[in-house]
Amino acid sequence: MSIAAQTDSCPRQPIVTGTSVLALKYKDGVMMAADNLASYGSLARFKDIQRLHPVGKYTVIGAGGDMSDFQYIQKFLEQLIIEEFTSQDGHDLGPAQIHEYLSQVMYSRRSKINPLWNSLLVGGFKDGKSFLSYVDLLGTTYSATTLATGFGAYLAQPILRKEVEGRENELTEEEAIRIMESCMKVLYYRDARSLDKYQLAVITADGVKISESRHLSTTWSFAEGIRGYGAQTQ
Amino acid sequence: MADMVSIPHSQPQQHQFNPYTENGGTILAIAGADFSVIAGDTRQSEGYSIQTRYAPKVFRLTDKAVLAVNGFAADGNMFVKKVRQRLEWYRHAHAKDMPIRAIARLIQTMLYSRRFFPYYVYNILGGIEEDGTGAVYSFDPVGSYEREACRAAGAAQSLVQPFLDNQIYFKNQTPAPGTSFPGHLSLSTVLSLVIDSFTSATERHIEVGDGLEMYIVLAKNSPSIQSLRDIRGMSELTATEDGERVFVVRRDLKKD
Amino acid sequence: MSIMEYNGGSVIAMAGKDCVAIASDLRLGNQMLSISSNFQRVFPVTDRIYIGLPGLATDVTTLRERFRLRVNMYTIKEEREIEPEAFTHLVSSTLYEHRFGPYFISPVVAGISKTPTGGIKPFIAATDLIGCINFAKDFVVSGTASSKLFGVAEGLWEPDLGPEDLFETISQTLLNAVDRDAFSGWGAVVHVITKDQVITRKLKARMD
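Residue numbers (the numbering used here), protein chains in the order written: chain A, 1369 to 1602; chain B, 212 to 467; chain C, 157 to 364.
Rather than coming from a laboratory, the hints here were simulated on the basis of the structure. Idealized CB from N, CA, C, for every residue including glycine. Hints may be right or wrong, so weigh each one.
Below, a list of computed lysine-lysine pairs in the DSS-like style, where the Cα atoms sit at most 30 Å apart [what the hints assert, rightly or not]:
1) B:Lys-293 with A:Lys-1494
2) C:Lys-233 with B:Lys-466
3) A:Lys-1480 with B:Lys-292
4) A:Lys-1530 with A:Lys-1443
Facing chain C, a subset of chain B residues (Cβ under 10 Å, in silico) [claimed, not checked]:
5) Asp-376
6) Asn-383
7) Asp-407
8) Ser-411
9) Ala-412
10) Glu-414
11) Arg-415
Excised from the complex, chain A in its bound form:
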């Protein structure tokens, strides 16, 4: 098959991929987390990739799935923000508008059987209100007080729900960081396509802040005691 035919109409597959993204609502706004790994199949190909990306003044998007599709999304959202700015009409795009726009793009691409192969979380804070929503390659959308994509949906979401549901308005930033860190640790232990290097984003009334890369400290001494599978049998 020619390259042209492949990119024109045929459905593709994700190549360089990111894994889970986590997000939760807390007292002051929204917090998101994603590690810095972009995998090439089972190869840990790029270990310093940013998967949390600010859009405008009030919003962060976090992506799992194909990283080149994600960078394309970053590019056209940047263009959107510039166009919105240059019109100088006294309006600017908040997280709800960006999520709606993204949903329409994702849904129309799936309807052309040429999807952008991502699961995205959109988090933001504008006019005193938190916003947190999901959209994926099928155009499926939903929102909740805690969200997780990829393996995070199985491994982290139950922990997030237990810690956050019903406490959205009392959780402090410190507590939120602790919860995120413990979830990222669970993911690093059990998700083979994850990394112990990750970033946090907080979106509050003060605007968007994306942290420097943080390191997870883990212990592996217990591995010595595991018997029954792997190289050694007894």
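Chains B and C: place on chain A using the hints.
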């Protein structure tokens, strides 16, 4: 034959992109003499994962029409968006809301226009007809439709519909000698049946639960308003004056 | 198409106050073609135990005979009548013997069991085609209309029904469920088992 090169003639097929998924949940509508009840649960799921405990499947279109959508959520949301856009154009052209039987026909043509790449959605439209009677229209994904008194659709359709046959149409029942079945059910009876249907479906179907939203559309000056007085968790959504009225009742369902 | 749906048919059992009921439709089909409206798939095991065998019709016959043999052997060896609990385990192990080439039947058992204190207890149970037992306190369903039976039963059943009310409840549940199932219907039979008698009634049903 020895020099023939054998070409591996089919590589393990690339997994083809599937533009559809199923997001669970169930919807239900029942028509009365001068009212209509349209209900849906609020769980959205994919496979064994609950994506969210609150994603509405029932939408107020006008003061006399409410639409419930179930199936592939992305298609459902897009479909509701497009129906609403068409209703707004109608409003701008005719300075009135589209009557429900016209909305039903509109939905048919919109669904059938996607005959060869369907919206993977089951629709149930409920509301009040121009003559003031309660109406329910149900559709298949490609636009076949029918007006009826009651319909369940979605994940628990097979659990709920036979129960409704029995309790709404009195199927397999005979009235006691000298008596007859009520011609029309009262609003309070219908609301109880809707709640029972969803609690039953929640008990036996994993994709149903979390929350219940019941929309109630009342005909102009309907006396059924009386039975809404003491309903817990009710709020009014009516937009226009002295016409049909729309209410919503929200209840919790089991979350397991 | 699934072998479990080849002949069609459904069975339900419900527990009441000091009584149980078991009911089934009477259809025998070849896929979408109806063959008989008088096909029996509920059989007495003892005076107080009935078993329903929805699934592949040929296996209904085979299993009925197999269970008859095994119950007779049990009665001879133990010199007493088998209890519903023991019989259910007998059913389960018979099916599990064929774990990797099963009989295509998912049985329903209904009976009245004796308690150690000399009282009686309603007993119902169902298994899947390889013998996984479901002991339920309220009702059990099986066959091609099982999801419909679940829905209606969950809506109509209530605890501690007497024999007459239980008969009405199980009849309505079965009739309304099979009327929405293309593979079940064409008549029905209900057995209400109490401490000292079994009432068997044939129901008039939709024949379309």
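We went through each hint and held it up to the structure:
1. B:Lys-293 with A:Lys-1494: holds (28 Å)
2. C:Lys-233 with B:Lys-466: violated (50 Å)
3. A:Lys-1480 with B:Lys-292: Since the Cα atoms of Lys-1480 (chain A) and Lys-292 (chain B) sit roughly 19 Å apart, the hinted pair holds (cutoff 30 Å).
4. A:Lys-1530 with A:Lys-1443: violated (36 Å)
5. Asp-376: This interface hint holds because 6 Å falls under the 10 Å limit.
6. Asn-383: With Cβ-Cβ at 4 Å, under 10 Å, it holds.
7. Asp-407: Status holds, d = 6 Å.
8. Ser-411: Hint on Ser-411 (chain B): holds, closest Cβ of chain C at ~4 Å, below 10 Å.
9. Ala-412: holds (7 Å)
10. Glu-414: holds (6 Å)
11. Arg-415: holds (5 Å)
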